[in-house]
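I would like the entire structure built from these sequences, with the hints used as guidance.
These protein sequences, in sequence, are chains A, B, C and D. Following this note's numbering, the numbering of the first sequence begins with 1 at its first residue and continues without gaps. Following this note's numbering, the numbering of the second sequence begins with 1 at its first residue and continues without gaps. Following this note's numbering, the numbering of the third sequence begins with 1 at its first residue and continues without gaps. Following this note's numbering, the numbering of the fourth sequence begins with 1 at its first residue and continues without gaps.
Simulated from the structure, these hints should not be mistaken for lab results. Heads up, some of the hints might be wrong.
The list treats identical chains as one, so a pair stands whether inside a single copy or across any two.
[Claimed, not checked] In the EDC-like style, the derived pairs of lysine to aspartate or glutamate whose C-alpha atoms are separated by at most 16 Å in a straight line are:
1) K49 to E185
2) K274 to E185
3) K306 to E259
4) K306 to D166
5) K274 to D166
6) K199 to D362
7) K21 to E66
8) K21 to E73
9) K274 to E290
10) K272 to E318
11) K306 to E320
12) K272 to E290
13) K274 to E259
14) K75 to D112
15) K306 to E318
16) K21 to E38
Predicted model, so just to flag it, every value in this text is computed and none were measured.
4 protein chains.
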Amino acid sequence: MAGSSFGTLFKITTFGESHGKALGVIVDGCPAGLSLSEHDIQVFLDRRKPGQTKISTPRKENDQVEILSGVFEGKTTGTPIAMMIPNTSQRSSDYGEIAVTYRPGHADFCFDSKFGFRDYRGGGRSSARETAARVAAGAIASKILSSMGIHLTAYTKSIGPVSISDDHFDPSAISETSTCMPDREADARASAFLAQCMKEHDSAGGVVECVVSGVPAGIGDPVFEKLDAMLSMAVMSIGAVKAVEIGDGIAAASRKGSENNDAFYADHGQIKKKTNHAGGILGGISDGSEIILRAHFKPTPSIFQKQHTVTNTLENTELEIRGRHDPVVVPRAVVVVECMTALTILDACMKNMTARLDYLVDFYQS
Amino acid sequence: MAGSSFGTLFKITTFGESHGKALGVIVDGCPAGLSLSEHDIQVFLDRRKPGQTKISTPRKENDQVEILSGVFEGKTTGTPIAMMIPNTSQRSSDYGEIAVTYRPGHADFCFDSKFGFRDYRGGGRSSARETAARVAAGAIASKILSSMGIHLTAYTKSIGPVSISDDHFDPSAISETSTCMPDREADARASAFLAQCMKEHDSAGGVVECVVSGVPAGIGDPVFEKLDAMLSMAVMSIGAVKAVEIGDGIAAASRKGSENNDAFYADHGQIKKKTNHAGGILGGISDGSEIILRAHFKPTPSIFQKQHTVTNTLENTELEIRGRHDPVVVPRAVVVVECMTALTILDACMKNMTARLDYLVDFYQS
Amino acid sequence: MAGSSFGTLFKITTFGESHGKALGVIVDGCPAGLSLSEHDIQVFLDRRKPGQTKISTPRKENDQVEILSGVFEGKTTGTPIAMMIPNTSQRSSDYGEIAVTYRPGHADFCFDSKFGFRDYRGGGRSSARETAARVAAGAIASKILSSMGIHLTAYTKSIGPVSISDDHFDPSAISETSTCMPDREADARASAFLAQCMKEHDSAGGVVECVVSGVPAGIGDPVFEKLDAMLSMAVMSIGAVKAVEIGDGIAAASRKGSENNDAFYADHGQIKKKTNHAGGILGGISDGSEIILRAHFKPTPSIFQKQHTVTNTLENTELEIRGRHDPVVVPRAVVVVECMTALTILDACMKNMTARLDYLVDFYQS
Amino acid sequence: MAGSSFGTLFKITTFGESHGKALGVIVDGCPAGLSLSEHDIQVFLDRRKPGQTKISTPRKENDQVEILSGVFEGKTTGTPIAMMIPNTSQRSSDYGEIAVTYRPGHADFCFDSKFGFRDYRGGGRSSARETAARVAAGAIASKILSSMGIHLTAYTKSIGPVSISDDHFDPSAISETSTCMPDREADARASAFLAQCMKEHDSAGGVVECVVSGVPAGIGDPVFEKLDAMLSMAVMSIGAVKAVEIGDGIAAASRKGSENNDAFYADHGQIKKKTNHAGGILGGISDGSEIILRAHFKPTPSIFQKQHTVTNTLENTELEIRGRHDPVVVPRAVVVVECMTALTILDACMKNMTARLDYLVDFYQS
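Below you can see the structure in the form of structure tokens.
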């Protein structure tokens, strides 16, 4: 099944296993003329790098990106941009037991069911390392969006029972806390909670929120390729995500219409909304407000307690996972959610350029 | 933007506006040899028909489907199946005011922003009537899945503050209650709540749950086309859906790994799970358990109270919507969620047939 | 197999069998704001209508198109345009024998091999009637291209041994001769040749040429989606086409480089070519010259002579086809080639709008 | 524009410029369980390697492939197979002049028109070196097809005025002659012709033919994704191809139906054809006979004579190309045509596995 591509006009295709030679991505459809260096990509990759804090795996993955094509004299040429991230920290010996024993909460059994066997080293293709390739592509999308006046901010909204408070919202904390929470007080509590989880050989889940400003009204499509539908696919395709919300999301389902509708008003020649319960999307199309989404991540399935499971020869057994695993994926997933959101919105913006006949006529006749 | 298609191998493309001549769909890629009649489709369409109960719009939409192609002597031929549902109940006069005034919570403003103008009659392409075409296609997908041993059940999980109780779960109630709740006691309370909403000229949201049994382990793809990612897109593409959950969904984010992992065990030569927090999908691939998802619907934005809004010439104004509108879309959306789920799972099953070399060799060499 | 769609941004999906209820097409991705009436479509459909001349089948196919969606108050809305052409002249009784006997040169046996059975009436889905749906879509593409300054002209280049002469080229003859040849003298000879074919119960092949003016340099893509590759697919997908040439085509293969290269020169601030052996495309991208292609059609396989063949139960037999069949498909195929070319070029022009970063920035920031 | 992918279920995406760091390809959708080594790929790459004979460029391109992902313990895993071919022989200094001067017959001007600038070194993305990535992917497709009983043979049919003779057809000569002609006598004459071309600082074109045996009846799709349409796109997407023929191709257009139809007959429980004018495809679907196609290549545009052209600042000038260029691309293109054919046929075979309901039911219920 050819399911490793995402996007229509700004299309990415990823490859690579956790312990293979390299991960990477081809970005096909990137407009020509963008200034682009490996540094632009590296900044994003460093945001998901493990081994940075005590709540992250002690693996040293350098994740150094190399651009193989599509950039000439510092600018994108409009041809495919291939990027490669060699795998350098591969302790395959950690993974011997899981070759035959299915880890609960992991895709081992599903891969074997589908493909007959699998690259079991470190999760292989199902490893969260795969998201490094997405981030490399997302870095390019973000840079393009930025030049169009569209900006994204993602952060940790909650970890386990600890949520950020709007009262303490501090954007500078996102990059400075180990949890990527924009609330230093919540970060402290979440860190304590995670320390306790680690002590108990357990793990935690959490929520990432992403806010996009500057998206003009009109982006997205009426039916299947609704902007929120594409965002949901994008975000749900990140391993460990179990729910996606747009705007007020789940809360909307228990409200009345009079509470949930956002009133429009005119303000200096622009149409705005008094509230933004909708999260910036109505009928699948952006309304000019901030786009807001949340991804709910399950707790890391790799825990260091004894678990009941089976082998690939159908024997009941117990498994005690060893190795290096984050007690929570959320802080490192923040940049992944941001990048998948960027990829989706850029693709929708590009598709929108042919929505009206006068766009075409102006483009070709002027 | 060409966003009216869904699916890769079992691909549907819908057309039609609320008050145009007809709605319809082309199903391309339907396998040959399926017994199919208009009755098979009509049974599904009748499940979303309005005017059936007091909590539904009093419009009389007959929604009679006509098969135009792709069926010969009662069997599908493998060529495109076009289906048309003529629009017969079109009281366009109800919609004069909204030609120029943007309804809060609706896509009117977004459509105008995107396309420059819109077919404003009854919401045009953004009307929930568009889902009739999806249901017609989903009826075919469901019939195929059924012959493969895969069965779907969708129902209303909650309306406003009223949720069903597992203790009262009664599948027969789904088709017999006006709320499509599998719990007659909850149905009674929800109906009372809706009556109150209507009295207040207000509306309600709610939740639809869909359960799929019989999906073998191995369906879905590791990265972007994860089965849960495709399901999320499918379900979020239904108008008014603001959140999607897989399995325990949002609840997983506040759990510990030891609470959320599903232990495997061997049972009579099969691998099973002691729990199903995952909702039948791990790493984007089905694990052989029931697939469970929930769609959260916002309250109907068409309420009969006075609302603040703007005109398309940017004048602030007040709008009082008239016409015929359901106080809640959830009961009629149940079959839509079921159909979008069926379409997604069938497409994934079809793609899975090429996952292994021996599948190809057996198919072509035997 | 879902192979009934063509195009990425301007995407069409056709349906219908020769003797089913209707043929039709959904045009998805048509820009909003195009003035469009059924008359615009009908003019194109009438160009492929049978029963117009003595060299065409005496069937009376009215081919009246009906627009079902996507047009509001005379303008396209940006949502899918569904068009239906009811089948009115269905003499199914002519086709009894071919239900079980495979016609040489036809797809009967191939359809049965693929799908297990087929709608055998009049060729079913493999009938040339299917191209009516393409023409309906192509009429819209042509109208859009025209507003962009791009114009197409297709005509019959040869029938059997009779070719047009450049010396007698007369564009007005295309619509006035029964062969659609732009050369009245060649038309007379071709008509005589066809009369002789009919007398012998035989049929003829021929060549259609299409010339496109006004395509700016830069349309098309470097690798797989080369403009000439997409045109080849488009034209070869017309039944009975067995070869496609771009520019000088086959002649180029026996030339030397010094004979085949087109020299560039600057002329009033524009780059032009002294010759156009390339047919307007270099490296898959338009060069600003006229785009020229030719489609080579085999003779109509339905001939009224006795032919050796087999039944679907593998008995050797003889078949004498009856019914109403054109002795040559070429004149009616002229508009089909033109329409497939238009669809391909429009789609490529739309995709080209995102080729450079400054296109995006100008579009969204101005 | 995202046009660097080919195929639906067996999908390849290529990257790389002539003088960038590397060329490569991601093969997505390769079935799991295929034995695959770099040697399997290398054998195919070596067939298009330059510097092997006196009629080829004296460049030493080693074209050593490295598999980066998707293979584990010698078998494909079903996940994307990334392959990289580092560029090692890069004499960029040869290409200084063409940075500003447009080479006749090349895509330089078209790339600048489209993207605003280009990687001018060695043709950049428009270089024939790009086809190395296709061959790497095609090697995998060929190996899979072989296990399904489908075999491909491609060879040079003609160079300039010299064609092979059926009387001298000798398959062993394909890999042993420098022209890849299956006719040693024709090879001698073609080699003499090419020597004369080189002496005159000129170049030659030619024709490649590909024959595919073992394709069962039923492969391909009725309308746009006809097998011959997909093959045409595949082959025309190879740089320098200006025409594609299926079966008798162009010859069919001047025949009568009675001459061109292939009579069916039953032979030991199989349906066969007495002739194969159709080249194994009827109505877009394989008929069980050999599939035959021809690609017509223009002469190499890089000739060492003085040519009229313009600069990118629109000055008329003369250009004398230097560097290392094949006087004919045909012998090295033989394996490229074969690989594009293999990729197309494999994808069509994979799509065909869902053509009938009983295929699905048997697959999932047995």
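Hints versus structure:
{"no.": "1", "hint": "K49 to E185", "result": "neither (24 Å within a copy, 52 Å between copies)"}
{"no.": "2", "hint": "K274 to E185", "result": "neither (30 Å within a copy, 38 Å between copies)"}
{"no.": "3", "hint": "K306 to E259", "result": "between (48 Å within a copy, 13 Å between copies)"}
{"no.": "4", "hint": "K306 to D166", "result": "neither (39 Å within a copy, 31 Å between copies)"}
{"no.": "5", "hint": "K274 to D166", "result": "neither (19 Å within a copy, 39 Å between copies)"}
{"no.": "6", "hint": "K199 to D362", "result": "neither (64 Å within a copy, 51 Å between copies)"}
{"no.": "7", "hint": "K21 to E66", "result": "both (14 Å within a copy, 10 Å between copies)"}
{"no.": "8", "hint": "K21 to E73", "result": "between (28 Å within a copy, 13 Å between copies)"}
{"no.": "9", "hint": "K274 to E290", "result": "within (12 Å within a copy, 42 Å between copies)"}
{"no.": "10", "hint": "K272 to E318", "result": "between (58 Å within a copy, 15 Å between copies)"}
{"no.": "11", "hint": "K306 to E320", "result": "within (5 Å within a copy, 62 Å between copies)"}
{"no.": "12", "hint": "K272 to E290", "result": "within (11 Å within a copy, 44 Å between copies)"}
{"no.": "13", "hint": "K274 to E259", "result": "within (12 Å within a copy, 41 Å between copies)"}
{"no.": "14", "hint": "K75 to D112", "result": "between (43 Å within a copy, 14 Å between copies)"}
{"no.": "15", "hint": "K306 to E318", "result": "within (6 Å within a copy, 63 Å between copies)"}
{"no.": "16", "hint": "K21 to E38", "result": "between (19 Å within a copy, 14 Å between copies)"}
Violated hints for the displayed structure, listed by number in ascending order: 1, 2, 4, 5 and 6.
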